[in-house]
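Whole structure, please, built from the sequences with the hints as guidance.
So the chains spell out like this:
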Amino acid sequence: AQSVSQHNHHVILSEAASLELGCNYSYGGTVNLFWYVQYPGQHLQLLLKYFSGDPLVKGIKGFEAEFIKSKFSFNLRKPSVQWSDTAEYFCAVNVVNRDDKIIFGKGTRLHILP
Amino acid sequence: DTAVSQTPKYLVTQMGNDKSIKCEQNLGHDTMYWYKQDSKKFLKIMFSYNNKELIINETVPNRFSPKSPDKAHLNLHINSLELGDSAVYFCASSLAGTSNEQFFGPGTRLTVL
Numbered sequence: 001a002q003s004v005s006q007h008n009h010h011v012i013l014s015e016a017a018s019l020e021l022g023c024n025y026s027y028g029g030t031v032n033l034f035w036y037v038q039y040p041g042q043h044l045q046l047l048l049k050y051f052s053g054d055p056l057v058k059g060i061k062g063f064e065a066e067f068i069k070s071k072f073s074f075n076l077r078k079p080s081v082q083w084s085d086t087a088e089y090f091c092a093v094n095v096v097n098r099d100d101k102i103i104f105g106k107g108t109r110l111h112i113l114p
Numbered sequence: 001d002t003a004v005s006q007t008p009k010y011l012v013t014q015m016g017n018d019k020s021i022k023c024e025q026n027l028g029h030d031t032m033y034w035y036k037q038d039s040k041k042f043l044k045i046m047f048s049y050n051n052k053e054l055i056i057n058e059t060v061p062n063r064f065s066p067k068s069p070d071k072a073h074l075n076l077h078i079n080s081l082e083l084g085d086s087a088v089y090f091c092a093s094s095l096a097g098t099s100n101e102q103f104f105g106p107g108t109r110l111t112v113l
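The listed protein sequences derive, respectively, from chains A and B.
The numbering of the first sequence is this note's numbering, which starts it at 1 and goes up by one.
The numbering of the second sequence is this note's numbering, which starts it at 1 and goes up by one.
Because the hints were derived from the structure by calculation, they are not lab data.
Please note that the accuracy of each hint is not assured.
Label-pair ranges, simulated between beta-carbon atoms [what the hints assert, rightly or not]: (1) B/Gly-16 with A/Lys-71: 48 to 58 Å; (2) B/Leu-54 with A/Gln-82: 23 to 33 Å; (3) A/Glu-15 with B/Gly-16: 43 to 53 Å; (4) A/Leu-46 with B/His-73: 16 to 26 Å; (5) A/Ala-17 with B/Arg-63: 43 to 53 Å; (6) B/Glu-82 with A/Leu-113: 38 to 48 Å; (7) A/Glu-66 with B/Leu-95: 18 to 28 Å; (8) A/Tyr-27 with B/Ser-65: 24 to 34 Å; (9) B/Lys-44 with A/Gly-29: 15 to 25 Å.
Ideal Cβ positions, reconstructed from N, Cα and C, are used throughout, including at glycine.
Next comes the structure, spelled out in structure tokens:
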């Protein structure tokens, strides 16, 4: 079945550690890719998105993600996390020319220790 | 200057009741969505409307009925509420075409007792 998989359900890091959250999808064809963040008690906000062009995408707050088409992956990275990065992170995929539907992964809860 | 707003923010009600959640966006978008986020934070699309026309209707019980009076509003009416309906419901909007990001509302936390 077509899906979006986030490998880590819960990640705990200390401040200044490097972060990589995995995301794989199983859709064929051209895709648009997103990472959203949900801070505690808040709504989803877009961190970054990939539509075309440079597969290394830079987003807000020092986050970046790399689209590797051959691996169907779109992993999120940050070289040095902060306590304020504690949040839930969602990878999402939209298949181009299908419909407006965006399929979300199940989320990764990131907890940063001060 | 709120972009996507929802009312109410919290809704606590008894089983069997009928309730509505309202959503409005002032971004000039023409597509709006309803998502359900369960207790495990899993986010699943329920409906989407484009220019007041239903585009996506996932396998949602027919107790849930979206209504779009105009392209800036998408309301969600739920009949005969059940315990399993307890969740956070997010409204979102985007501009036509799937290449545009979706902007989310603050969510409505529905608790069915």
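Evaluation of the provided hints:
no., hint, result
1, B/Gly-16 with A/Lys-71: 48 to 58 Å, "49 Å, holds"
2, B/Leu-54 with A/Gln-82: 23 to 33 Å, "42 Å, violated"
3, A/Glu-15 with B/Gly-16: 43 to 53 Å, "48 Å, holds"
4, A/Leu-46 with B/His-73: 16 to 26 Å, "22 Å, holds"
5, A/Ala-17 with B/Arg-63: 43 to 53 Å, "46 Å, holds"
6, B/Glu-82 with A/Leu-113: 38 to 48 Å, "39 Å, holds"
7, A/Glu-66 with B/Leu-95: 18 to 28 Å, "26 Å, holds"
8, A/Tyr-27 with B/Ser-65: 24 to 34 Å, "30 Å, holds"
9, B/Lys-44 with A/Gly-29: 15 to 25 Å, "22 Å, holds"
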